[in-house]
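Now that you have both chains on their own, put them together as the hints suggest.
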Amino acid sequence: MVKFVLFIVRLFKKPIEWWGISFHHLETILKTKLELDMRRPLSSGQATGKKSRTIMTQILVFGLIGIFTGLIFLNIDNLLLSTTFFFAFLFVMLISSLISEYTSVLFDSRDNDILLVRPLCSRTLLLSRIIHIQYYTGIIAFSLSLFSIIFLAFKYGILCGLLFLIAVGMCNWISILITIFFYMILSRFVSNEKFKDIITYVQIFIAIAIFGGYQLVPRLVDIDAINQMSMSIEWYSYLIPPIWLAAIVKLGYAGIFDPQIYLLAAMGLAGTITGAVIVIRFLSKGYGHILSEESVEDSAPVEKKTFNEKIRHFFSGIICKTRMEKSGWDLAMRFTKRDRKFKAAVYPSFGFVLIFAVVMLKPDLNNMQETLDKLSDSSRYLFFVFLGYFGTTGIHQLPFTDKPEASWIYKALPVKQHGHILSGALKAIFFKLFLPIYIIVTIPAIYIWGISVLPKMFIGALLIIMITLLLVYVSNKSIPFTQARQMQQKGTNVLKMFLGIFAMGLAVGLVYLSSLLDNVYIVFCSGLVIIANMLIFSSIRKRKYEIMI
Amino acid sequence: MSTEKSSIITIKELKKTFGTGDKANEVLKGINLEIYPGQIIGYIGPNGAGKSTTVKILTGILTGFEGNIKVLGFDLKKDSLEIKKQIGYVPENGAMYDLLTPNEYLSFIGNLYEMKEELIKSRTEHLLSFFEMEKHADQRMDTFSKGMKQKILIMAGIINNPKILFLDEPLSGLDANSVILVKEILIKMAKSGTTIFYCSHLMDIVEKISDRIILINNGNVIADGKFEDLKTEQSESLEQLFAQLTGKENTEENTNSLFEVFEN
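These protein sequence lines are chains A and B, in that order.
Numbering follows my numbering, in which position 94 of the first sequence is assigned residue number 94; successive positions increment by one, without gaps.
Heads up, my numbering is the position in the second sequence plus 1000, with the first residue counted as 1.
Just chain B, with the same shape it has in the complex (with noise of 0.2 Å):
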């Protein structure tokens, strides 16, 4: 059996420019990745690096790029719609029909992936009682918390059982306890075959649960491994080796020289 074959998905020079001429702006530079089934990937990156930019692609979200990709076995750019019937997506910037009720955005999300009625009703109800809103099934958003609105875009993200599960920044704005819960969901849906891919800035969490970090800067993979594979002596964290191979290891010298200024 072919490398390719068993990847869920395949990513072949991902190229993508924002803009035409002078203003062009050249966001991805080339991106080869294969990825597993069940894998969860930490995908990090300083700010501006690509991160939402290859999500938004692999979502289907953003067309216009250059190279191939196959999610599923499907290319994406001709078949993308077998391919969002098959994936989740919890974004990153909270975008939702707020003036809806819970019950009510999940029963329209769960309508555009074409389920059955009793089985959204029956999902909605297991993800309610699981992230304890319930209560707040019948109110309308717009009130919320954005930790409250964040549970909601995850319920909204796996409520089709999604193959793939692609998460930007999922756990902004979320407590203590909620966080640990969407720890275990994901490490669970791992465990039961589903693909994660996860992008975010909270080193320590990305390195408790992923089995693979991908790290991308300037549009370009710099690393992809297991943590403990990328490791060094002088990177004993995640952080740490973010630090190292993104170029800002000298942080300590660059706030001194920052004071400096300041104090004059």
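Pulled out of the complex, with its shape left as it was, chain A reads as follows (with noise of 0.2 Å):
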């Protein structure tokens, strides 16, 4: 496979060299990444052989999505128009992908000692990393387009499938081109932290968009509309790429000659070019300079005492039983505020919560009146029970961490029960981010069902913690923030969210159960359940607990 690379680029070895790069220092670089990445294991103990088999799997899955986006081109007969949702289609993809999985990679400054001191200028360094990337995203489009690239030699030729292939390589490569034009573009105006801050909230935002793009997308796209469809080509169209590459697809298909598709595809080809241009041979120089920065471990900024913070404080003495649980609670308020892996892998559940109440709730924009009307006769407050149950997804992420080796820490300190540490991180996180999410749900289930709906959606809650700490308690051998990353990446996650779901359905038929008893039984239950909390939380506490290091 690093053969084959090597090969395709050093296809490209005279405009590599023209943008004024060292190809040997490329050839260098490459060789030795791909090569460390087959070396380097998945995680912690696990074969490295097993590095192929993985991307045998992503070629799998994504190929499994690619059939199912390549049935666009059976639905739809203008194969400009198909081509062009195609590629949109492999645009978000890619982008998304980019943003929230390899941007790491991209800025990745663990060998800045080792590169950034040799004689090697920004754009090869920035050419590495983007080829190195390519690679990854490379499987990704071509698994995605396969079957459409079969189904298109097929049906309109063999030139209009290898055309097809290329426009996937072009789009692999414009995506990348876009990527960094904007990260290049944000680090001229903001500092370095903020710069990192950005990032990761745009990669939250994008994966509350691919979550809510799956889940809308198919209920709002009318298929017979589309069917429909014409596509004219306007003044604006040669601004949009996939209608670039989709016009170099159609140029391999026999018809009748159109100046216009010419125009677009030469677009494609300028575009293609024209960006390689400005990202590497303009904007490099910016990339240095950010992993320059990257380098220095001293420059984080001093971490005040917020109003929040004394706020939190303040109920860690009144919610905490001991002072190794507040020991936990303290270092989970501080790990939640300040790992920014957490708040991408956490904070997107919560922009869930208002995706999952459109697609459930269906509401009539044109008359929210009527809506709500409807809505108060209903039980659907239950609804509202289940988005509180997002607020818990932090817990989840709490025994992960980037430096599992700190768990030494555990090992050599005279702690008998580590579990205080887990349920003082446990109550942090309730407090922190199940409590507000579950506010701000609460207060239109008020304003819809009234006040009598108060004491139900209480006991929601008390059940939702009963549930995640059962779950927890079922699950979470170790103690926060203890465990490599890449552990996740094993076959427990789906476990997880199966019992996920089901801990979920679970809570919202008890509640709907205790919606059958008056009030007062309510308050009544509501008392047991709290003091099956905690049980829990006193079971927790006194467990013992695996420590890898």
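Check the hints yourself; a few may be wrong.
Here are the simulated lysine to aspartate or glutamate pairs, DMTMM-like style, with alpha carbons at most 25 Å apart [as the list claims (entries may be wrong)]:
| id | chain 1 | residue 1 | chain 2 | residue 2 |
| --- | --- | --- | --- | --- |
| 1 | A | K403 | A | E193 |
| 2 | A | K196 | B | E1082 |
| 3 | B | K1226 | B | E1260 |
| 4 | B | K1029 | A | E193 |
| 5 | B | K1121 | A | E27 |
| 6 | B | K1085 | A | D108 |
| 7 | A | K285 | A | E546 |
| 8 | A | K31 | B | E1114 |
| 9 | A | K337 | B | D1022 |
| 10 | B | K1163 | B | E1207 |
| 11 | A | K403 | B | D1098 |
| 12 | A | K14 | B | E1117 |
| 13 | B | K1078 | A | E17 |
| 14 | B | K1226 | B | E1034 |
| 15 | A | K285 | B | E1066 |
| 16 | A | K13 | B | E1082 |
| 17 | B | K1015 | B | D1224 |
| 18 | A | K33 | B | E1207 |
| 19 | A | K33 | B | E1118 |
| 20 | B | K1085 | A | E17 |
Counterexamples of contact, computed for chain B against chain A with all Cβ distances above 10 Å [what the hints assert, rightly or not]:
| id | residue |
| --- | --- |
| 21 | K1023 |
| 22 | T1059 |
| 23 | T1063 |
| 24 | E1104 |
| 25 | E1134 |
| 26 | M1148 |
| 27 | D1175 |
| 28 | E1184 |
| 29 | M1203 |
| 30 | E1228 |
For the record, the hints were derived by calculation from the structure and aren't laboratory data.
Predicted model only: the values in this text are computed from it and were never measured.
Think of the CB as a built atom: it goes at the ideal place given N, C-alpha and C, for glycine as much as any other residue.
Here it is in structure tokens:
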């Protein structure tokens, strides 16, 4: 595979050298980086040989998604329109994957001391990273397109299939150019710390948008309307990359000579080259600077105590039972505030609350009053309890950290009951993340169903806490921030997700049952659930935990 | 011949600030230095004084500084690539691709300096043999001890026969024999004209090998010269001089007051 990548890169030796890049350096770095990837274990204790199997799995999964996407060519006869849709989809997939998964590779500063001190120009460094990332996004793009390439080759001829393959390669290239262009421009206006913050929030936004897209788009798209759609080329068509690429594919299908298509295809070629020149020749200097700033560890800002933190500190004194538990609370509060990866993993689920609300409640935006009236007659407040469950997603991220080796401290210190650290951290997450989300979903519930819904929402919250705690008790045998993030790649995720969905259903079911009771009984049941929660917390505190270092 | 012409590194009013606004932290506050060929510079200072920042700037890892720096006659801001071709660097934090073997890693570094294959091969062989690492030449480095990795970093730092060698705590993790070897290499390299810029906390070694000591504190140079010229009646060793100049000479008093706190 490494040889194949280097072969492809060698085809572009001349333009690469023309950009002022040392081809020898580029080849040396790429060869080493790809070789390192092959040797790097997926996670601690996992055999390196599984790497190729992981890539195969990736090809299969994306290939399957590609088949569904490729169905667009069956539904839409207009080749220009269908390929435009396909490339729009491919752009979204690739750019979102680049931002959410490969940004860390692009700005990886771990080898600054190895590379920045050698006589390498910023252009060489940037292009080596781009090609390194392209290898992986290329696999995604190729897998997503495989079905469509074969289908188009059969339906419109081999040349059309071949041009489609080239267009997919160009799409992969333009996607990374667009992403880097955005980063480089952003880096010129904001400080390094702000830059990292903005990227994290963009990653969160993209996760929400993709989730929302999958949920909402199929409901909004009218297939019949698309079939009826015709595509006329307007002035702005020349500014839209998916249309450029679609025009390139169209060139391969023998038809009437259309100068507009030729012009669009030429735009595709010009856009690809101009983009590369702008990013690699002119913006790469900024890239070297970003990497350079990353190499400083002591530039982190001084953490000042905010008003919110003072409030949380006050509550920790009331909620936490022991000093050790309070330590767990403080640790969780600080880590969840400062760890960008935690935010990127957890915060999107808060956005899902809004998307789920739209998907499940199907509000009629033209007549909101009618929607609200309909809702108030139903028992759909249970759905709001379900939404509140999203506030607990942070709990499942609690064990993970980038520095699991730091957990030696728990082995070295004379701590008998490590469970106090976990219970404190759990309380912190419930207080910091679950409580605000639950309050946010409770307010519209009260607005729709009146104050009488409050006891039900209250017992709902208690039940969610209980079920989450039970899940933690069953599945989480490690104390906070002691496991490597890579461990999440292992197959337990599916099981946890399944358990989570089951638990959500159970919580909602129990709230429904409680709604059949009078408020007095609800208060009584709430008391029982509070006692149950206290007992589970106590069991979590007393249990033994694995510390892997 | 003016001083600027003969110096191999000229630093004028070097300033570096991290962060902006309220969070700005000025780490280097106007460093001025002239360094000459063949000198062994012991660059010392307390933690956070700005030693590593200076080295990272001089090696081109860190950009975005104020002031003027000329290395080997080249302006660091404009011609950093020309400078990088002729310098070597041994980092403090053991950064290396440890999934490679020593042979592969040194070949990778040699290639980045565009050295000829035969030259890389012969230098690699000699260096591995000098550090008694030849039997590990084709083993992956991820299982190496800290000291073994440090030896590879030193080899990577000198494989291109640099005119200036920057070392940031190069002896951490090395056994006593290896420390002697490294000291000998540094002294030999300096005799053949290589300038050594050596950052360390190990005062006894700095005192023994350096022919010029530069002490920085809070981003400023507070002492610069030969140890013999710098030492006073109160400070016979470099350690004492360091404590005196960085305001830490009343260690005993501080220790006593700390223990009083513990005893209470």
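Worksheet entry | Beyond 10 Å from each Cβ of chain A, as asserted for B:E1104 | violated, 8 Å
Discussion item. Please verify whether B:K1121 and A:E27 have alpha carbons no more than 25 Å apart.
Written reply: holds, 19 Å
Item to complete: For the pair we were handed, A:K33 and B:E1207, check the Cα-Cα distance against 25 Å.
Response: Given that 25 Å is the threshold and the Cα spacing comes to 41 Å, the pair is violated.
Worksheet entry | Interface exclusion of B:E1184 relative to chain A, criterion Cβ beyond 10 Å | Its Cβ never comes within 10 Å of chain A, the nearest being 24 Å, so this holds.
Worksheet item: Does B:D1022 lie within 25 Å of A:K337 when you go C-alpha to C-alpha?
Response: holds, 20 Å
Item to complete: Examine each Cβ of chain A, and state whether all of them lie more than 10 Å from the Cβ of B:E1134.
Response: holds, 22 Å
Worksheet entry | Assertion that B:K1023 lies farther than 10 Å from chain A (Cβ) | Not fine: 4 Å to the nearest Cβ puts B:K1023 too close to chain A.
Worksheet item: Does B:T1063 sit more than 10 Å from chain A, CB to CB?
Response: violated, 5 Å
Worksheet item: Does the structure keep A:K13 and B:E1082 at a Cα separation of 25 Å or less?
Response: Holds. A:K13 to B:E1082 sits at ~23 Å (cutoff 25 Å).
Worksheet item: Is B:K1085 within 25 Å of A:D108, Cα to Cα?
Response: Satisfied, since the Cα-Cα distance of roughly 23 Å is no more than 25 Å.
Item to complete: Assess, step by step, whether the Cα of A:K285 is no farther than 25 Å from the Cα of A:E546, and give holds or violated.
Response: Given that 25 Å is the threshold and the Cα spacing comes to 47 Å, the pair is violated.
Worksheet entry | Satisfaction of hint between B:E1082 and A:K196, Cα-Cα up to 25 Å | Violated. A:K196 to B:E1082 sits at ~31 Å, over the 25 Å cutoff.
Hints 2, 3, 7, 18, 21, 22, 23 and 24 from the list above are not met by this structure, while the remaining hints are.
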